[in-house]
Amino acid sequence: MCIKICAEAFDPWQAIQAHQYSAKELAGKFGATAVFIGTMRDFNDGDQVKGMALEYYPGMTEKQLEKIVAEALQQWPVIDVLVVHRVGDILPNEPIVLVAVWTSHRGDAFDASRYIMEALKSRAPFWKKELLESQAERWLVKNTDGYY
Amino acid sequence: MCIKICAEAFDPWQAIQAHQYSAKELAGKFGATAVFIGTMRDFNDGDQVKGMALEYYPGMTEKQLEKIVAEALQQWPVIDVLVVHRVGDILPNEPIVLVAVWTSHRGDAFDASRYIMEALKSRAPFWKKELLESQAERWLVKNTDGYY
Amino acid sequence: MSIKVRYFASLKEALGRSEEHLEFSGLASVGDVWDRANPNKALPDNSLAAVNMDYVELNDPVKDGDEVAFFPPVTGG
Amino acid sequence: MSIKVRYFASLKEALGRSEEHLEFSGLASVGDVWDRANPNKALPDNSLAAVNMDYVELNDPVKDGDEVAFFPPVTGG
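Protein chains in written order, with numbering that gives the first Met the number 0: chain A, 0 to 147; chain B, 0 to 147; chain C, 0 to 76; chain D, 0 to 76.
Rather than coming from a laboratory, the hints here were simulated on the basis of the structure.
Be a bit skeptical, because a hint or two may be false.
In silico BS3-like cross-links for lysine-lysine, where the CA-CA straight-line distance does not exceed 30 Å [said to hold, decoys possible]:
no.	chain 1	residue 1	chain 2	residue 2
1	B	Lys128	B	Lys141
2	B	Lys49	C	Lys40
3	D	Lys3	A	Lys3
Whenever a hint applies, use it, and build me the whole structure from the sequences.
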C-alpha cells in the first residue's frame with residue numbers, strides 16, 4: 000500500500016510501473032489491475048484555464064486517504080493499492096490523481112478503484128483554484144458526482 | 000481508437016504512455032483515464048500454472064473487438080480507446096489484456112472501460128489453455144463473471 | 000453450395016481438424032452444416048457458432064460461400 | 000482551554016487568516032469555536048469541520064488542545 004502527496008508533476012504510467020516492479024511479492028499473484036487517472040484539462044465551465052493551484056491540509060489529507068484505502072481493503076480482497084495526488088501549481092495536461100488497485104479478480108479491482116476515487120473526491124481535503132486566461136482566479140465550489 | 004492483437008509480451012504502462020503521447024490532439028482535452036489490465040497468475044483452480052496458450056480466431060476477434068468498442072462509443076462520450084490483447088504462449092506475470100479509455104469526466108471512463116472488459120470476456124473469440132506444473136494441459140471452460 | 004467450416008480450441012482438438020470445405024445443394028441452417036460435417040455427433044452444449052465472423056443461432060440460414068465456425072465458450076481477457 | 004483553529008481555501012481567503020489560537024474556559028462545541036473566533040459572522044453553508052483531522056458535526060464537543068478546522072467542500076481528484 001502506498002499513498003503519496005506529490006508537489007511535482009509525475010508520469011502516472013511510470014509511477015505505476017515503478018510501484019509494481021518494486022513490489023516483487025506481487026509477481027504472479029495478481030490477475031487484475033484497475034487504474035484511474037484524473038488529468039487537468041485546459042477548459043472548464045466554458046472558460047480556458049491556464050493553470051490550477053491545489054491546496055491541501057497536511058496531515059488530515061493523508062489521514063483521510065489512509066482511512067479510505069482501509070475501507071476498500073475491508074470491503075474487497077485487495078492485494079495492493081497505490082494512490083498519488085498532486086498539490087501545488089498544476090498545468091493543463093498534468094495528472095492530478097492516480098488510483099491503482101491490484102486484485103486476484105477483475106470485479107474487485109473495478110469496484111475498489113471506483114470506491115477509492117469517489118471517496119477521495121468527496122472526503123479528501125484538497126481544494127482547487129483555477130487561473131483563467133483572463134487572469135481571473137476562481138475556487139471550484141463542488142466536485143461533480145461520478146454517478147456511481 | 001486502437002485495437003491490437005499482440006503475439007509478444009508487452010509492457011502495459013509503456014503501451015498506454017506511448018499511445019497517449021502519440022495522440023497529440025488528446026493533450027489538455029481529457030480529464031479522466033480508466034485502465035484495466037488482466038495479468039496471468041501462477042495458480043488457478045488450486046493448481047500451479049507454468050504457462051498458457053491463447054488461441055484466437057483471426058479476423059473474427061478483431062471484428063468483435065471493433066464492435067464492442069463501437070458500442071461503448073455509442074453509449075458514452077469517449078475521447079479515445081486503446082485495447083491490446085495477447086495471443087500465443089504466455090508466462091505467469093505477463094499481461095494478457097489492456098483496456099484504456101480516455102474521457103472528459105470520470106463516470107464515463109469507469110463505465111466504458113468496464114463495459115468493454117465485460118463484453119470482451121463474454122464475446123471476443125479467445126481461448127486459454129493452461130499448462131500445469133504436472134505437465135497436464137487443460138482448456139479453461141468458462142470465464143468467471145465480473146459481477147457487473 | 001460451398002461452405003467453409005472452421006473449429007477452434009477444445010472443439011478443434013476433440014474433432015482432430017480445424018477447417019474443412021462442404022459442398023451440398025439446397026437451403027440449410029447453421030445446425031445443418033454441423034450435422035453434415037459431423038454425422039452422428041452432437042454439437043457440445045454451450046458451443047457457439049458464427050457465420051462470416053458474426054455470432055449466429057443454430058437455426059440461422061447459411062448461403063453459398065459462407066464461412067461457418069463452431070467453438071466453445073470464449074475465455075479471453 | 001486552548002484551541003488551535005485553522006481555515007483553508009476560499010474560507011481562509013475570505014477571512015484573511017489561516018490559523019489562530021483561542022483561549023477560553025468552559026465546555027464548548029465545534030460551532031461555539033467558530034462563533035468565538037468569528038463573532039457575528041455566519042459559517043458559510045456547506046462548510047465542513049474537522050477536529051484533530053477527523054470530520055465532525057458542528058454540535059460535536061471540543062476539548063483542551065484540540066485542532067479545529069473549517070473549510071469549504073473539497074474539490075480534489
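(message) Check the structure against each numbered hint from earlier and tell me which ones fail, lowest number first.
(response) Number 2 - this is the single hint that the structure violates.
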